[in-house]
Amino acid sequence: MRSRNVIDMHLVNRMQAFGWPLVAVTFAFVVILGVGLIVGSQGPEAQAGMYYGMQWNGAIFALLGPLIGYGFTSMGQYFPLALGLGLTRREFATGLSAVFLGNAVIYSVLITSGKTIEKATDGFGLHVRFFDVFYTGTGASWQTLVQTFLLIMAVLFLGAAITAAFLRFGQAFLWVAGAILALIGVGIFAGVLLLDGFGRNLLEVMTMGWGPWMVVIAAIGAASAGVWLLLVRRTQVA
Amino acid sequence: MLDETKPLYIAVAEQIEDGILNGTHPEDGPVPSTNELAAFLRINPATAGKGLNLLADAGVLVKRRGVGMFVAVGATAMLRQRRRDDFARDYLAPLLREAAHLGIDHREITEMMEALQ
Amino acid sequence: MSAIETRNLTKHFRDVAAIDDVSLDFAAGRVHGLLGRNGAGKTTLMKLLTGQIFATSGEMRVLGENPVENAEVLSKTCFIQESQKYPDGFRPLDVLRIAEGLYPAWDQGLARELVADFRLPEKRAIKKLSRGQLSAVGIIIGLASRAPLTFFDEPYLGLDAVARRLFFDRLLADFSEHPRTVILSTHHIDEVSNLLEHVVLLDEGRVAISAEAEELQSAAIEVSGRLDEVTAFIAGADVLRVQEIGALATATVHAEPGSADRARAAGLQVAPVSLQNYIVHRTTAAAAAPVT
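Protein chains in written order, with the numbering used here: chain Y, 1089 to 1326; chain R, 22 to 138; chain Z, 239 to 530.
Hints listed in this document are in silico derivations from the structure and should not be mistaken for laboratory results. Even for Gly, the Cβ is constructed at its ideal location relative to N, Cα and C. Among the hints, erroneous ones may be present.
As the list claims (entries may be wrong) - Simulated coverage check for chain Z against chain Y, where a stretch passes if three residues somewhere in it have a Cβ under 8 Å from a Cβ of chain Y:
| no. | stretch |
| --- | --- |
| 1 | 324–332 |
| 2 | 335–348 |
| 3 | 366–378 |
| 4 | 393–399 |
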């Protein structure tokens, strides 16, 4: 199975695959613990406020951030090497999908374990929230597992799709994509300002509950994966 | 090492011939294999093989199945005779041409040859 | 048997034809030279043949099949690219290990020997290697893979004379013992001319020459002597180049049977024209186009 070699390639640079994300997440975690210690010394009221506010803290993106970059690197650096060594695009796509799946499993289990411990120990005894936040799901542990898994898969495929599109269409893709995103942003802003009820409806959509949100994330991931698979079969190495 | 004015395989054949004439490759003895010759002369094995086959076709070398090529018995005499036949064309004609350019006549050439001996 | 056949193969990059209606055959089990100036289309042709880029039109068969997305063909093909990029943090050691897993005929013993011969610092990051060391990584993969079809694109870049000699001798020795099809693309024509059996010259994306190396090596002669004698000799001949210095002249002409003897009889000096010089003479753009 030649696709196995794609997995081997991604395991060569262990610091990039596991090291840096773990270093980053440890650093962010230590910072949060430090904040917990300082705020905790100011009494239980401050602590309760912190516990509520921290459900929005994005320190966990220290882990999720590098994973977005991982999708870029795979297409940008590993794809040309794989083709150079005689792998087909299909073999590369199969291998890389397995790599993404492995990443999503490892990190979603890691985050879910962290969250379970965090809840059981009352925020590590400091009333802090690091794993149990809005982005990873504040519900049950299984929900966090599903949510982080879907989120990580989505960002990995999105990164790969963006890079594949860039390789295929060049700079033009970045301009067009940037312009479309800007138009959407302007459209929403204009809608909120000018249309009656638009803002309220938007808020309702945004707070539609956990289930529908998972469907949205899964749809973004599936669409990215589809676009990536479509493009990667047509990508040439300049 | 090899004469560049001739096709490479002919130069290879001539080098083996030189070896036979000067006793490097005695009659009934083996000559280098295609790959050895290729590595030694830094040429493609196909070219080396073509040179060896040229000599085999001319009866200078004989193939022994599974062992390699050997110098044919009588090859030395055969080569010597052929080179004698070519001597006038290959060596005397250019010599006389140059002599004519320089205005050296036949008597002078003979004198020069005697002085060299 | 042909290792590679192309028919009317064409590749456009926007409106530029990098490969223009190329029909070629590369026989199996031989060493072929793929020559031409920078930008003549050599790398583009090799990328088409290894499925890295897609043809605009035309057909190709590599080891009997279409190579695009063909794992069967590609696992028997090794393409050593001058411009191969490696991911951050990769060391020669890592690339060799992965190549070992991908090429069925890989010879690990040979790879170890070559690493020692080229004094390749295996554990240094590839990004920190010199150009010559980077070339050595490619050469080691190209030789140790023992792929039935191996492309070397400018394997000599940055190598010193010792390493170039090493590559030549190792390629020759390994090719002798394990015959395979080798396509060698290089500007160092003189260094490899005795290794080539067949030569293809590309010029602006088209085939200028596809011929036996032996024919090309004796395809032209250089005659020199007095201007009037040279002028008389080359009248009616297919002249590639004439240079005059006062009353003397040197001319390169296509050789016909016996023309060297006739030139000598006419009192002219005759010298062989090396494959490299012949190729330079035959590259039409050489004189006209600015050097890039």
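Here's how the hints hold up against the structure:
no.: 1; hint: 324–332; result: holds (count 6)
no.: 2; hint: 335–348; result: holds (count 6)
no.: 3; hint: 366–378; result: violated (count 0)
no.: 4; hint: 393–399; result: violated (count 0)
The structure fails to meet hints 3, 4 from the earlier list, while all remaining hints are met.
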